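Trainee: In case you want the letters, here they are:
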Amino acid sequence: MNTLNSTNNIHISAAKMFIFFSQLMDKPVLDKNGATAGEIYDLAVKASQVYPISDALIIRQGFPNRKYALINWGDIEKIDSEGVKLKIEKSVLNFNQIHDEKKEFTLRRDILDQQVVDTHNHKVIRVNDIQLLVVDHALMIAHVDIGSRGLLRRLGFEKIVDLMVKLFNPGAKYLKNEHLISWKHIQPLAINPVSMTIKIDLPQKNLLSIPAADLGDIFLDLNINHQIALFKSLNLVNKTKIFTNIDFKTQNSLLEELNDFEISELLNNIPSDEATDFLEKLSSEKTKHILSLIENKYSKRLSQLLGYSGDSAGGLMTTEYIAFTKDTLVQTALDQIRQRKFKSEPAQFIYIIDETQHLISATNFRRIILANPTEPIQNSAFPKTYFVRLDSSIKEVAYLMEKYKYFAIPVVDENNVLQGIITVDDILSQLIAFAWRRLKRIKIMQKT
Amino acid sequence: MKNLKTFWAKILIFLSVMGPGIITANVDNDAGGITTYSVAGAHFGYALIWSFIPIIIALVIIQEMCSRMAVVTGKGLADLIREEFGVRVTFYAMTVLVLSNIFNTISEFAGIAASAELFGLSKYLLVPICALFVWWLIVKGTYKSVEKVFLFACLFYVCYIVSGFLSKPDWNLIAKSSVHPTFQFDKAYIFMLIGVVGTTIAPWMQFYQQSSVVEKGIKLENYKYSRLDVIIGAFVVNIIAIFIIIVCANTLFANGIRIETAKDAALALKPLAGQYCFYLFAFGLLNASVFSACILPLSTAYSVCEGMGWEIGVNRTFKEAPQFYSLYTAIIVIGAAVILIPGVKLVPIMLISQATNGILLPFVLIFMLLLVNNKRLMGKYTNSKFYNFCAILIIVTMILLSLFLFFTVFIK
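The listed protein sequences derive, respectively, from chains B and E.
Going by this note's numbering, the first residue of the first sequence is number 97, and it counts up by one from there.
Going by this note's numbering, the first residue of the second sequence is number 139, and it counts up by one from there.
Just so you know, these hints were derived from the structure itself, not from any lab.
On a predicted model such as this, the values are computed, not experimentally measured, just so you know.
Incorrect hints may appear among the rest.
[As the list claims (entries may be wrong)] To be clear about the criterion: a stretch of chain B counts as covered by chain E if any three or more of its residues have a C-beta under 8 Å from a C-beta of chain E, and this derived list gives those stretches:
hint, segment
1, 164–177
2, 210–224
3, 459–473
[To be verified] Among chain E residues calculated to face chain B with C-beta under 10 Å, some are:
hint, residue
4, ARG220
5, ASP324
6, ALA326
7, TYR361
8, ARG365
9, GLY447
[To be verified] For lysine to aspartate or glutamate, the following DMTMM-like pairs were computed, each having C-alpha atoms within a straight-line distance of at most 25 Å:
hint, chain 1, residue 1, chain 2, residue 2
10, E, LYS354, B, ASP313
11, B, LYS384, B, GLU353
12, E, LYS354, B, GLU353
13, B, LYS123, E, GLU222
14, B, LYS163, E, GLU222
15, B, LYS345, E, GLU222
16, E, LYS148, B, ASP313
17, E, LYS278, B, GLU274
18, E, LYS357, B, GLU352
19, E, LYS282, B, ASP373
20, E, LYS357, B, GLU376
21, E, LYS286, B, GLU353
22, E, LYS362, B, GLU352
23, E, LYS282, B, ASP317
24, E, LYS457, B, ASP317
25, B, LYS345, E, GLU353
26, E, LYS513, B, ASP450
27, E, LYS148, B, ASP317
28, E, LYS357, B, ASP356
29, E, LYS354, B, ASP407
30, E, LYS354, B, GLU376
31, E, LYS362, B, GLU381
32, B, LYS219, E, ASP324
33, B, LYS345, E, ASP324
The C-beta atom is built at its ideal place from N, Cα and C for all residues, glycine as well.
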């Protein structure tokens, strides 16, 4: 008798390579003797190289007192759209009131009907159905369906609607347009109940390749719990990427969820002008607390920056710049630039200073690359140096930068000591905000 | 000194959190509500005022659960239903919600048409203008600006309180009848009672309240203010309802005048309570109808898109959120167009709207109870035992009333 079941292979009807999860849900589960054990409720998967692979089946029985049992994938004889046949007897199944919450993730609980991030189209979407690939012994998640067809299939109207559409408009887009998205572009948002984080699998690195501004937008589409969980799951680079691309309100509520160590880690790594932008909007007590958390040297610089008014050169500048003393050789300068790590992308300018930080002149990457490496850097400087004072207004700064076509301009104090630089993007974001207000006012005036 | 400072800080937080509860509750006093309360006052005098005390409690308990779910999970009710109960349940619930809200919107535009006639304007002028205004407000507005307009509209409900005082009521008798329930075993009385309860707790309210709390991004630490918002809303809306009853009881009931609609009530008020009372009553009706005609289509489009996983508009363009804008526009167009059909009968529309509300409400309330007690979603913020007992009691009562109403509509 046992010879029948001796092979370890599970027979999955080979005719169909793909099967939708909705075609499996609620299908009957028969045990080895053909007695009904329950119905398919959920499918637990585990991570594999590319696509997650079936790990266990959760079946359900009874109404209204539902009970659930977990079946290891090895105990399944056959699974297809007709249902499941088991290799074991139903008496050995262990039915419980709740289904296993410990599994890393299951399709019905964590994917189907839930929101996920589509890392290809940079959107938050809701999953209507899941397409599984049948690979000899197992099922793999291949695609998620987010189209209207997936919806209709779930509702049980797919065949009727298909027939109607074929009857009236055989060439309809609807019949060809499968809104399937490959799993490799999907980042699930299931929050692990213990660690309160979201698992980001190796093949799911896509999330990390989304441009910062888009990532910020996606982030704002999530609800607060997902925001916090996702944020905590990311590495530092992506944390800073997101943090600098979301609105103040969200920044603030994120910060409240982080512990002191995480806050200091985060703020130590965002550019000083972004940090001051954020700190400026906080209450003075909070600012003090946060400044006390971050590195001593950096916090000194930040609190100094915070002292300047927001639309003066002092408030706009960043303290990250490249500067060398005038006798430095070009070769030494290039070597040092190569080794340095920057929090922000510094503009293409290099400033030349004396031993006491007084600004002497400026040069740029192009000029020093073309210069003789054995000459002092001073020889490649621009003939004339333009700069602004700490209290110069944004208008003066913008005017100078436009006039001389500079991407950055140095800021000095009353003794000509170099304090920082203002880059064109800092000016641009201010001017855009200003232009928007103007535009709105003009629009309102036109309306009235 | 410090106490004073924290007191003002608290007030400030409350003002920033306030909105969803008060707005949702006030939309409840829409054209249909005003009609029901006017008829209740005109036909039964003060005899139904006692019922507002249990109604306030029920409203607070139900809406508080929505608000709590919104703050804890950060998701709308339709979102949660979809995620926990699957697409099929969501689809049918949304279908009924759309139907019921279309009929509700029609009755709001009927309210606009009625007030147009009261002010001596043509409904063919005022209804399209209001429809356009409503559409424009949401399409061009942001959540913040729209909320401000809505809160402003809430202020105009004071009309009814003023007209209540203008009718010089007998306060002693009112106080007595509000704490002393008098039950009449009379078919018309029971119908009226169910009507009053039914119009105060409608299924769209739970969806709207939860979505707007989510949209506002209220934090858990400020939740107590959000609860206060719900409580104030429930009190304000019912006090206004009581004043509508008072006006009608004091004038129409006292003179034995029978009415069918809010328009009848306003017209009958003119000779009895004077010009001002009439204008206030009519203006209140217009304000309430326009206000609700804004919220109902918006709330419907919001819930459906949440549940079906479509992009939600307000801050998006038509191309990005086609389903949202189509649905929103369609409901307004249908609502306004039906009213403009010459000789349209409004009574069947009201009945269908009541019946669809009645079908949907039990399901929505049961879903809510299951969701709010789900530990995985709510953590330590599930209902307490006592709270659950109250909630179940209310839900069972509401289901029985809805079923009763539903059957009587069709058996009659």
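Trainee: LYS357/E and ASP356/B: Cα distance at most 25 Å?
Mentor: Holds: LYS357/E and ASP356/B sit about 20 Å apart, inside 25 Å.
Trainee: Holds or violated: LYS163/B and GLU222/E, Cα atoms, limit 25 Å.
Mentor: 17 Å, holds
Trainee: Is the straight-line distance between the alpha-carbon of LYS345/B and that of GLU353/E 25 Å or less?
Mentor: 13 Å, holds
Trainee: Please verify whether LYS148/E and ASP317/B have alpha carbons no more than 25 Å apart.
Mentor: 29 Å, violated
Trainee: Holds or violated: LYS362/E and GLU381/B, Cα atoms, limit 25 Å.
Mentor: 24 Å, holds
Trainee: Report holds or violated for the interface hint on ARG220/E, using the least CB-CB distance to chain B and a cut-off of 10 Å.
Mentor: With a closest approach of 5 Å, the ARG220/E hint holds.
Trainee: Are ARG365/E and chain B close enough, Cβ to Cβ, to be under 10 Å, as the hint says?
Mentor: 18 Å, violated
Trainee: Hey, LYS354/E versus GLU376/B, does the alpha-carbon distance stay inside 25 Å?
Mentor: Holds. LYS354/E to GLU376/B sits at ~23 Å (cutoff 25 Å).
Trainee: For LYS278/E and GLU274/B, compute the direct alpha-carbon distance and say whether it is at most 25 Å.
Mentor: The given pair, whose Cα atoms are some 33 Å apart, is violated under the 25 Å limit.
Trainee: For a C-alpha distance cap of 25 Å, please report whether LYS354/E and ASP407/B respect it.
Mentor: 30 Å, violated
Trainee: Does GLU222/E lie within 25 Å of LYS123/B when you go C-alpha to C-alpha?
Mentor: The given pair, whose Cα atoms are some 19 Å apart, holds under the 25 Å limit.
Trainee: Could you grab the alpha-carbon distance between LYS286/E and GLU353/B and see if it respects the 25 Å cut-off?
Mentor: 30 Å, violated
Checked against the numbered hints given earlier, the structure breaks hints 1, 3, 5, 6, 7, 8, 15, 16, 17, 21, 26, 27, 29, 32 and 33 and satisfies all the rest.
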